[in-house]
Amino acid sequence: MASMQGSEEGLSPGQTKDAIAVAESRGKGLQTSVARPNASYSSAGLPYRLVRVRNPDYDAAYWKTLRAFYEGGRKLLGDRKLLTEVFPAYKNEHTQIYLERIARSFYVPYAGEIIAHIIASLTATPISMTTEGEGENAWPDFYDDFFKDVSPPQGKKMSFNKMLKEQVRTALICKRAWVLIELPRVTEAEYDSLAEQERSGGLGAYACPIAPESVIDWEEDDTGELLWATVAVGSKKRESIEQTRSRVTERYTIYTRDSWRTYEISYDEARPPQDTDTVLLVAEGTHSFKRVPLVRLEVPEGLWAMNKLESLAREHFNKSCALSWAMYQSLYQELYEYRGPEEAAPGVPISEVQMDATRSVSQARGQGFVQMRGHQDRAEYVGPTTESFDFALKAIQSFRDEMHRVTHRMSLAADNSASALRRSGESKAQDKADMVVILTALAQLLKEFAEEVYEMIAVGRGDVAIQGQWSAQGMDKFDQVVMADAVKQALDVKELGINSPTFMSRYLFAIAKLSLGDNATPEDLEQIEKEIVENTKSEEMDRVMGGIAEMVRTAPPLQAGPNEEEEPEEDEDED
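Take any residue in the sequence shown, note its place counting from 1, add 54, and you have its number in my numbering.
It should be emphasised that the hints constitute simulated quantities derived from the structure, not laboratory data. Take every hint as true, because none was put in to throw you off.
With a straight-line cut-off of 30 Å between C-alpha atoms, the simulated BS3-like cross-links for lysine-lysine are: (1) LYS118 <-> LYS373; (2) LYS118 <-> LYS145; (3) LYS290 <-> LYS210; (4) LYS211 <-> LYS129; (5) LYS135 <-> LYS291; (6) LYS362 <-> LYS501; (7) LYS216 <-> LYS501; (8) LYS291 <-> LYS210; (9) LYS118 <-> LYS210.
Pairwise CB distance ranges, derived in the manner of DEER restraints: (10) THR149 <-> THR412: 24 to 32 Å; (11) GLU388 <-> ALA411: 19 to 27 Å; (12) LEU385 <-> GLY127: 24 to 32 Å; (13) LYS373 <-> THR149: 19 to 27 Å; (14) LYS202 <-> ARG230: 25 to 33 Å.
By construction, the Cβ of each residue, glycine as well, lies at the ideal position given by its N, Cα and C atoms.
Build out the structure end to end from the sequences listed, making use of the hints.
See below:
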């Protein structure tokens, strides 16, 4: 039986430690969280084979590949097992050559840059949460505090919008992301009332992002609602300097709609457990969420960006390294010796030097040295021909461009219904822009996810008055993102030095039409196009493009979301 360590098996010590560290802290009010004493372990447990069962949609090995192509660096090049899978040896390639190619391999994470751009555009205007209640006092102060920091007690501070950003990043890479909703530890009869529990902080809910690799199995009802789910985490702690890290601990927490149970097993990694071994029940309790307290953000197949990019990124990686290797060979060509015969044919004279069979290796080479050779001897450098280099480079560039094209074609898989694309009049003209369609679809999914998180907390806390009332606002200024990109692109076009008034007039008209959207009638556009054609002359290009540069310089920042000023300061990170 193989060890359950590592993200490939879904037990990643670092990814879910905050969530699993509080695995026994569910429930509120008179509902209980009970830790079982060691004496009862032997009377309650499950066979190891049952807790290890994986959902058919669980695919940690593939997610590992997707994460590697997203991040690059050590995640890909530092994992020899994964590298040999995505960067295989060529047919009949000598092992030493393959190992040298691996040592010289490199990866440019274009796929990661594409997803980072999608996330940056999507989260340019943050989400804010509102209810249909009466004004700002429609909900307890707790929800404002939660919006600023969703982390558990003593956890690393994380704002609600920051959590949403990381969850959509995970979903774009692995198709789905999970967050576990928790309430502080409560013991039976600890509080006399919910009001007392609120005053004591006992209803201070928090959210713990859970890596997809750790949610190993789940079941749904006919509506797609979770019936139960299993979260697994593994660790190899070293309790003291006298010990090694060979002791493995696996913990499985099973959540249902009203309770939770945690099972645990420890063993030496040299002697992994058998299927029939018992995984002991170490803690159990009830909760008040009335649902499995895991909220899932899942993108449809058509918007699963990293799934679409993986094969292109893999091909780009292999071809880039192949071209680099061929270029190295052409730069470090090998010297070949072509020696004439050491024995003369009858009646044919031959020099004494040529009779020496070691003449090509016994004489010093380099500046200042003279070699004695036979008249039929010759030496030349041999390397690969370079005729294919240009073709290979163009092919590599086409794969890079195709990664961008396939991302834009994700818009075809988005919901283009009026409800999904409804925005203000100023942005309706952007509905045909692929990126706007993609961002709008992702925003809708993320808003529904945010509402589900707040709704689950309201139910768990017993805030009846605001249950079913939550609405996520914001994340809808994508037309500004598209326009800003168009203006920046126009400045790049200027640097190309395309001396064509016709091209510039058509290009500037396209930008003007994009900027005006529905605010211009067909008659207005016709007149604008006529004026641009008449006024766009070669000597006026600097003035026109200079005006565009001024637009970029003086453009106001994107409109802030209603709750943006409430977010805590965050470190600059991936984007």
